[in-house]
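Visitor: Taking the hints into account, I'd like the entire structure generated from these sequences.
There are 2 protein chains.
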Amino acid sequence: MAKAKAGKPVNNGVNVEALFGAQEALKKAPEAAKFKWRATVEWVKGTHSRTTVEKFYGLGAEQKHKEKFAFDADHPEIFAAEDNAATPVEIVLAGLASCLTAGVAAVAQARKIQLRSVSATLEAGMDVRGILGIDEDVRNGFDGIKVTYKIDADASPEDIRAVVAQSQKRSAVYDIIANPTNVTVEVA
Amino acid sequence: MAKAKAGKPVNNGVNVEALFGAQEALKKAPEAAKFKWRATVEWVKGTHSRTTVEKFYGLGAEQKHKEKFAFDADHPEIFAAEDNAATPVEIVLAGLASCLTAGVAAVAQARKIQLRSVSATLEAGMDVRGILGIDEDVRNGFDGIKVTYKIDADASPEDIRAVVAQSQKRSAVYDIIANPTNVTVEVA
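Sequence order for the protein chains is A and B. Take the first sequence: its letter number 162 is residue 162 in the numbering used here, and every next letter is one higher. Take the position in the second sequence, starting the count at 1, then add 188; the result is the number in the numbering used here.
If you're looking for bench data, these hints aren't it; they were derived computationally from the structure. Treat the hints with care, since some could be wrong.
Just a few of them, taken from the derived set where beta-carbon distance is under 10 Å, the chain A residues facing chain B [stated by the list, open to error]: (1) L19; (2) F69; (3) Q114.
Glycine included, C-beta positions come from ideal geometry on N, C-alpha and C.
Guide: Spelled out as structure tokens, the structure:
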């Protein structure tokens, strides 16, 4: 495992001591580990909508972000829409990209690997005959996602690959996309 | 099926005639239906990252949004982070919310139902013992997502429920989350 260079403490900006403390605390209080994440969407016009997130539940209490965060979404002009914002499927890619990248920073910190830069490109194929209802044998979603990281760090290529693999292993969004998740949609 | 009120053309801001035209065109040219959606993520610091989307591929050519769209993500303060932005899992909820809502507008337009307002709340449970590696039997992702729509429209409750059901049936993000999607993560 890579070591910090002499006299230079590793600092990726992740407080792993606090995370290790949380691990110990939640082992003894599993009820506190039950979170509820929430979002509210408002239709704007056409395929344009705005989703906001602010409150969530965790550690046995209602929690709140420092501010309300908003996400606009729309369809592009080649789908006869106004392209006011990213598409919903690109927003999912942003969720995956950010989850894996936070994990890379946290795992590197725990392994005393100093990161200098981390970036990744994501590409997801999709046959739009699915969503357009042209062919019932074509799925609506992605036919697969490829994520390619480029990482500059004080570590060997093997250690860097191991950090990325561990991030993937513990990633919430990777799991949500790779494995089935039950979704119920109702009208109040 | 609900009808538009006499003399009042239904206008939800979705050009369904163009979408029906695309359906016909892509039936004859299935290669053009193969899209590639892309995103690029840059690590900022700690668990904070920024994902941008701009270019994609579809209709047999490289395409580009009108502008580059950016999505910041971070972890909250109760995870010992800075809460600079929404969490990656909340961003996934935004993707689902916006996909289903665009579908509601499009299906309603196709069925000549005038929408007045559409909103929904989403809630997703998650046991964070998964991502913290406390219990290997706990999954990393959501244990389920519940979406609840509130829709004011010129249609019966039954017709409104049918619009939502059809949107879910054709939703790319619903499919990505509800069904397994292959994700490969590599280091260049």
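Visitor: A separate judgement is required for each hint: does it hold in the structure or not?
Guide: Evaluated hints:
Using the Cβ-Cβ criterion of 10 Å, the hint placing L19 (chain A) at the interface with chain B is satisfied: the shortest such distance is roughly 6 Å. Because the smallest distance between the Cβ of F69 (chain A) and any Cβ of chain B comes to about 4 Å, under 10 Å, the interface hint for this residue holds. The interface hint given for Q114 (chain A) is broken, as the beta carbon of that residue sits about 13 Å from the closest beta carbon of chain B, more than 10 Å.
Checked against the numbered hints given earlier, the structure breaks only hint 3 and satisfies all the rest.
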